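*Asks:* Single-letter residue listing:
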Amino acid sequence: MIDVINLKKNFGEKEVLKGIDLHVDKGDIICIVGPSGSGKSTFLRCVNCMEDPTDGQIIFDGVNIADMSVDINIHRRKIGMVFQHFNLFNNMTVLENIMLAPVIYGIKDMRAAKKAGKLQAKKTRAEVKEECRKEAMELLARIGLQDFADAYPSTLSGGQKQRVAIARALAMKPEVILFDEPTSALDPEMVGEVLDLMRRVANAGMTMLIVTHEMGFAREVAKTVLFMDDGRILETNEPKAFFNEPKNPRLKDFLSKVL
Amino acid sequence: MLAKIQKFIEYFITYRGYVKVLLGLKNTIIIAVIGLLIGIVIGTVIATIRVVPKYKVLPRVLDKFCDFYVALFRGTPIVVQLLVFYYVFFPLIGVQITSVNVSILVFGLNSGAYVSEIMRSGIQSVDPGQMEAGRALGLSFSRTMWKIVIPQAVKNILPTLGNEFIALIKETSVISFVGAADLYAAFNYIGSNSYEFMVPFLAMALIYIILVLFITLLIRLMERRLAVSDRRH
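One line per chain: the protein sequences are A and B, in this order.
Per our numbering, numbering through the first sequence is continuous, rising by one, with the last residue being 302.
Per our numbering, numbering through the second sequence is continuous, rising by one, with the last residue being 1584.
Some hints here could point you the wrong way.
[What the hints assert, rightly or not] Here are the simulated lysine to aspartate or glutamate pairs, DMTMM-like style, with alpha carbons at most 25 Å apart:
#, chain 1, residue 1, chain 2, residue 2
1, B, Lys1405, A, Glu94
2, A, Lys121, B, Glu1483
3, A, Lys151, A, Glu178
[Unchecked claim] Sample of chain B residues facing chain A (criterion: CB under 7 Å; computed from the structure):
#, residue
4, Ala1487
5, Gly1489
6, Ser1491
7, Pro1502
[To be verified] Derived contacts from chain A toward chain B, CB cut-off under 10 Å, selection only:
#, residue
8, Asn91
9, Gly123
10, His128
Note that these hints are calculated values from the structure, not bench results.
Predicted model, so just to flag it, every value in this text is computed and none were measured.
All residues carry an ideal CB built from backbone N, CA and C; glycine is no exception.
Start from the sequences, fold in the hints, and give me the full structure.
*Replies:* Have a look at this one:
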């Protein structure tokens, strides 16, 4: 589904990513671990071109989205992203946060369908909105926050915010979701609820790329774990072998510090 | 003093000075309100151009143009701008325009330069994560700006925007330079007819301050309404 080929990223003079290759299949759950400053977040942010790669290719569904002439917005619809600091829209309620993008794209698709002359696809704006609202409410029920639909993000706890952020990503029915340290900004007692939700999303068959410091979670949920250091992927393995028999000396060192 | 007040009332009511005052008040409010609206539109556009990523040539050219625009309108007094537009620019291009309309235009253009800086600081006060989250959902830069960043920016800058409106209200007292009827013209008229300036100008000051206090109240109400998404209720 995603092929990353020789991805490089420089910030000014500094080389942050020094050539990354990665193949992601549908249903893969890949956890990326490594010391801070190793480039894992930058790598993740390059996958949906939040950072424009300096060099290399990112082939998503057969299109090189690192190419600046590609309309990135079309492809980002299918790549969800969850941030360390949640980044819920502060000026909107929880429900509006989840509905915003689906409604905008629902209306856009409806117009396109009309133009193409598909009469059976004809819907009114209100119908599109109502449909998105229903789906958003279902999502909220799934994450157990239906009572907070009309609350503003500022009134939620960190864990609740991150669950809403995950729901917001899910609402776009993406093919893959990128998680950028989703639990790093949370109080310890809230980490569990977010990891629980991510586990459920994983069990539902979502393709996930997760940058995390939660080694327990990576060991349990990931199909593949990557170790990044100094802008390179130094070790790739299935979790059991990754944690029990690390080969790279730097990974051994890293694991001895964090486990 | 009593005699002076009586004289003022005589000229204000019996000689229909109030008609001119009301006209002046109307012009002041129209020019300040429409001027501010134009200013907000121009200011928002300029501020957006300022924060657009500058990979391509067009945003860079527009940015330079905005620099020029802001320098021009912040670098000259508004009276000078009024005079230039009324006596130089419009006669040169051969357009007939009333002094009130010129005033609206000049106040709008002038305010646009100031609002652009206010708006820019407002936009920059919004967490960059908000823009990132919007873009990550596949929304375009402009859509994210319009739906997410600018509403939050406006909330942050409302008190400063209120200041700008108050400044505009008070600055309208120079439009008589191009012959438009404002409060100053009205009270000056009463004064010069009655040979008595003390009370008319005192009354003028009073009207301005009441106007400004009223606007302050309006802004406070608006702030309270916009604070629904805030933590501090």
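*Asks:* Does each hint fit the structure? Answer for all of them.
*Replies:* For each hint, the structure was consulted:
no.	hint	verdict
1	Lys1405/B to Glu94/A	holds, 14 Å
2	Lys121/A to Glu1483/B	holds, 16 Å
3	Lys151/A to Glu178/A	holds, 18 Å
4	Ala1487	holds, 4 Å
5	Gly1489	holds, 4 Å
6	Ser1491	holds, 6 Å
7	Pro1502	holds, 5 Å
8	Asn91	holds, 6 Å
9	Gly123	holds, 8 Å
10	His128	holds, 5 Å
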